[in-house]
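Novice: Residues per chain are reported as follows:
Protein chains: 2
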Amino acid sequence: MEYTREEKEEFMLEALKEAEIALANDEIPIGCVIVKDGEIIGRGHNAREELQRAVMHAEVMAIEKANQYEHSWRLLDTTLFVTIEPCVMCSGAIGLARIPQVIYGAKNPKFGAAGSLYDILTDERLNHRVELETGILEVECAQMMQDFFRKRRQR
Amino acid sequence: MEYTREEKEEFMLEALKEAEIALANDEIPIGCVIVKDGEIIGRGHNAREELQRAVMHAEVMAIEKANQYEHSWRLLDTTLFVTIEPCVMCSGAIGLARIPQVIYGAKNPKFGAAGSLYDILTDERLNHRVELETGILEVECAQMMQDFFRKRRQR
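Protein chains in written order, with full-length UniProt numbering: chain A, 1 to 155; chain B, 1 to 155.
Read the hints as simulated data drawn from the structure, not as lab findings. It is possible that some hints are incorrect.
Claimed, not checked - SDA-like, lysine to any residue: derived pairs with alpha carbons at most 20 Å apart:
{"#": "1", "chain 1": "B", "residue 1": "Lys36", "chain 2": "B", "residue 2": "Met1"}
{"#": "2", "chain 1": "A", "residue 1": "Lys110", "chain 2": "B", "residue 2": "Lys107"}
{"#": "3", "chain 1": "B", "residue 1": "Lys110", "chain 2": "A", "residue 2": "Thr122"}
{"#": "4", "chain 1": "B", "residue 1": "Lys107", "chain 2": "A", "residue 2": "Asn127"}
{"#": "5", "chain 1": "A", "residue 1": "Lys110", "chain 2": "B", "residue 2": "Thr122"}
{"#": "6", "chain 1": "A", "residue 1": "Lys110", "chain 2": "B", "residue 2": "Lys36"}
{"#": "7", "chain 1": "A", "residue 1": "Lys110", "chain 2": "B", "residue 2": "Met1"}
Modelling step: build the complete structure from the supplied sequences, incorporating the hints.
Specialist: Right, here's the structure in full:
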């Protein structure tokens, strides 16, 4: 489904709300929502420390919820909104869930695998390719990360 | 911890037992065990269809179990045995869990990310690098995959 710029910003604001949950738990503040036909079918935030589960990144949590909602591992006709560029694991998971469209806020130059270190989502050798858009609420998404790491360094 | 060739084959046989569980469920037959100090602390098999969860590959299931067992997302001093070369998602998950050693049976030329399509586990740009060994019970691990896909094509 195609969304307007305004709709995309609304969904990214929902992803930012998820990031705020992570922030309140003193986790790296990244949030994600998965949308189908204009409705959020999965939400997630980074919960690695809270749950002590290595794979519990925002995107994986949202994919797990959306799989449950759909009773299917295939998330066809969905759009995944995430505040920060997905890492290697999450980019792989997005492909495995067959998510056709990904929109992220800000780049992650150190760990990003959707344009920074790798181009996993658009690699023609893999059997699933994703339509990728970046820069929606980029400043807000990046700012939340910068504030978190600045505070952490000050401690 | 260093294991002898015989010990490695014993652990790979345990991973193959997990692959057989997947096979019995008509899933792509891949199995995994995570070992610490000579003891298996997490087992997993591909359960994507059974559980309808896109991320439920053998390695992720084993990492989740080991995280639970250790009450920690960090799987320090562990060795992960998996029958087939990990995909992009699982290679990323192995790094995120800080698993220091990975041993796999057979290559996966189409989807492998630990030597075939990518070298995620040994990429010096990432903040965790893995000691990688391949070829333990390679024939047995590859055979199980070949049998599965041959039967699937015949249907």
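Novice: Could you grab the alpha-carbon distance between A/Lys110 and B/Lys36 and see if it respects the 20 Å cut-off?
Specialist: Not satisfied, since the Cα-Cα distance of roughly 30 Å exceeds 20 Å.
Novice: What's the verdict on B/Lys36 and B/Met1, does the C-alpha distance respect the 20 Å limit or exceed it?
Specialist: Cα-Cα ~8 Å, so holds.
Novice: Given the proposed pairing of A/Lys110 with B/Thr122, does the C-alpha separation stay at or below 20 Å?
Specialist: 16 Å, holds
Novice: Take a quick look at whether A/Lys110 and B/Met1 sit within 20 Å of each other, Cα to Cα.
Specialist: Given pair A/Lys110, B/Met1 is violated - Cα atoms ~30 Å apart, limit 20 Å.
Novice: Is B/Lys107 within 20 Å of A/Asn127, Cα to Cα?
Specialist: 17 Å, holds
Novice: With a cut-off of 20 Å on the C-alpha distance, tell me whether B/Lys110 and A/Thr122 pass.
Specialist: 16 Å, holds
Novice: For a C-alpha distance cap of 20 Å, please report whether A/Lys110 and B/Lys107 respect it.
Specialist: 28 Å, violated
Of the numbered hints stated above, those contradicted by the structure are hints 2, 6 and 7, listed in ascending order.
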